[in-house]
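> Chain by chain, the residues:
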Amino acid sequence: MTEAALPLVLRGVSYAFGEGELRRPVLRAVDLEVRPGEIVLLTGPSGSGKTTLLTLIGALRAMQEGSCRVLGQELAGASEAQRVQLRRRIGFIFQQHNLLGFLTARQNVAMALELAPGRGERERLAEAGRMLAAVGLGDRGESMPDQLSGGQRQRVAVARALAGRPGLILADEPTAALDRQSGGEVVRLLRDLARQRGVAILLVTHDPRILDLADRIIAMEDGRVVPAPQADPVRTG
Amino acid sequence: MNALTRPAPAFGPAPDLEPALLPWAPERMGEAPPPAPAGAPARRRFGPVEALWLPLRLAWRQLRFEKARLASAIAGVMFACVLVFMQLGFRAALFESATALLSAMRADIFLMHPMTIVSFKPEPLPRLRASQALALPEVAAAVPVYLTQATWRNPATGVRRAMQLVGFDTEAGVMDIPGLAPLTEALKRPDTMAFDIRSRPEFGPVARLLGERGPFEVQLGHRMMEVVGLIEIGPSFGADGNVVMSELNFRRVVKERLPSQVDLVAIKLHPGADRDAAMARLRAILPPDVMVLSQPQLVQHERSYWETATPIGFIFMFGSLMGLVVGMVIVYQILFSDIASHLREYATLKAMGYSNLYLGKVVLGAALLLAVLGFVPGFAISVLLYDVVGKGTFLPLGMDAARGFGVFGMIFGMCGLAGLLAMRKLRDANPADMF
Ligand SMILES: Nc1ncnc2c1ncn2[C@@H]1O[C@H](COP(=O)(O)OP(=O)(O)O)[C@@H](O)[C@H]1O
Ligand SMILES: [Mg+2]
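The listed protein sequences derive, respectively, from chains A and B. The letter at position 131 of the first sequence is residue 131 when you use UniProt numbering, and the numbering goes up by one with no holes. The letter at position 426 of the second sequence is residue 426 when you use UniProt numbering, and the numbering goes up by one with no holes.
Just so you know, nobody snuck in bad clues.
Partner residues are not named here, just some residues of chain A that face chain B (Cβ under 7 Å, in silico): (1) Val84; (2) Arg88; (3) Phe92; (4) Phe102; (5) Glu114.
What the hints contain is simulated information worked out from the structure, not anything from laboratory work. Where a beta carbon is used, it is the ideal one built from N, C-alpha and C, also for glycine.
Could you build the full structure based on these sequences and the hints that come with them?
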């Protein structure tokens with residue numbers, strides 16, 4: 001498979017915060033590839049630059065150095081408009097659920113569908129309802145976020161991230177705010193749904209309990225990708 | 001956009017290429033395109049209705065969610081709306097009433113001394129000008145008009161108060177005043193006058209007394225005069241009440257007045273004569289101590305005095321502006337705190353691919369919704385207040401469509417500006433800081 005067909009290819013990505021004297025490199029020549037449908041876990045100590053890397057890939061930050069190709073879009077030198085377009089093809093899952101408090105669960109999921117024209121309101125709500133059913137919340141569509149438990153909210157966030165049929169899912173410590181059991185449920189759900197749809201996932205986590213989900217584990221240290229001790233040799237390469 | 005290219009689950013072999021691919025579409029990268037889902041939409045852009053409707057609906061859902069905040073925002077807009085309506089209403093009413101006397105005088109052409117800046121302080125002009133005007137063939141008649149003030153004794157309480165007197169040849173039919181026509185015969189009698197029914201009530205229950213006992217005597221200046229009927233003029237800045245009488249009776253009340261010094265000359269043209277041409281010819285033949293004015297010009301002359309030579313216009317403009325500023329600050333505060341307390345949500349929307357433009361539309365949509373929601377009750381309250389206050393102050397307060405639309409435009413602009421200012425806060429919703 002050629003490189004251009006990969007959902008994610010990073011070559012020599014470096015990033016630094018601050019200017020001049022205060023300039024602090026956070027990423028140093030990161031190379032990374034994610035294959036179609038692959039589930040990659042990114043671990044590493046706090047402050048090693050994982051979140052920064054994810055925000056670059058997610059087109060939330062302008063690139064500084066290197067090449068980052070996401071779903072065929074080169075992000076180095078991409079315009080704001082191009083980055084906004086790309087974000088619509090990426091599913092984000094945040095540490096906090098970040099649902100809109102004034103919308104029902106179903107309306108929250110439908111927000112991911114309102115970015116694309118061509119569907120009527122009824123179709124969007126029906127699709128949102130199907131996504132909620134897929135995360136086991138078919139009966140909670142009309143609940144407001146504050147009526148749901150933490151795990152349920154994060155499941156709504158998973159449904160929202162997948163509703164727009166993204167080509168890549170980025171998740172930053174999605175279980176950090178959840179207890180052990182519901183955290184495990186949420187990531188397993190995410191993995192199963194992504195597998196069904198063949199969507200690749202890049203997931204940052206500290207949580208050792210979910211390392212077994214991964215096709216491949218990579219680790220970061222001080223802005224560099226380092227060989228991960230628990231990486232599964234069978235599924236890589 | 002994802003409906004457009006539908007990033008491939010597995011980049012597998014796929015059917016026909018969709019036209020108009022984006023530059024970064026996988027197809028452009030020399031790869032097989034993703035399988036188009038069954039019934040893939042043919043449309044690529046939102047229709048104009050949907051492009052406005054969706055952000056507006058999001059704005060409404062957000063506004064609706066916090067009832068207390070919505071209520072205070074609506075109250076703020078409503079307050080501004082009522083304030084502006086009242087200020088503009090008072091302004092218009094005062095200008096209208098300021099010119100009530102001249103507006104009531106109906107004649108084709110008027111002559112006035114150029115140094116007369118306001119009708120209650122007239123600069124006299126020679127009576128001779130009336131006869132000179134008759135030299136023009138199209139002039140049918142010209143009558144002098146005398147204006148002055150004298151004290152009127154309230155027939156019920158005996159309290160004296162300044163009254164505006166208008167004296168002219170009421171039989172000549174040159175100048176008309178609403179209600180005057182049926183009284184011309186009665187006004188021929190010595191010491192008679194017609195009373196302005198819209199004079200302030202401090203002059204006494206004249207209409208009622210007239211109805212009960214018929215014509216009765218009232219002291220005007222140093223003379224007893226008989227009220228024989230009612231006309232309709234309305235109080236103005238210079239005078240709280242008006243009486244109209246024949247030239248002869250005027251001279252009886254105001255003895256010190258030289259008949260050769262008149263305050264206005266009213267001119268009647270022959271039927272079918274061209275007024276503007278006649279005015280031009282009058283200007284040509286009359287000496288420069290007269291100004292030739294049509295009736296609307298006469299009213300406008302008076303009005304411009306009140307508008308420009310007094311702070312009245314400024315006061316009400318200032319009041320309206322303050323109302324708009326206060327309203328804008330309230331709306332801005334509400335929108336700003338709405339964004340500030342939902343920064344995470346806005347940043348999430350940006351991370352999902354919502355553009356700044358879209359979110360700007362949401363904020364502006366909220367502002368304009370507040371404009372409509374505040375204007376409707378504000379308008380209703382203002383109509384009510386016009387009625388109540390107008391009755392209490394005898395000012396001609398009334399709602400008209402032009403003012404309604406004008407104030408709606410101002411409120412709309414006010415909220416729009418507040419929205420545009422609040423929109424800057426959206427920049428703080430930075431999705432890079434979200435993870
Ligand atoms: N917006 C920022 N401005 C300046 N420094 C930042 C910013 N965000 C992160 N950093 C710094 O960059 C380093 C990497 O942070 P981050 O990518 O969040 O690491 P991780 O997610 O692995 O904990 C940290 O030292 C952090 O202090
Ligand atoms: Mg982090």
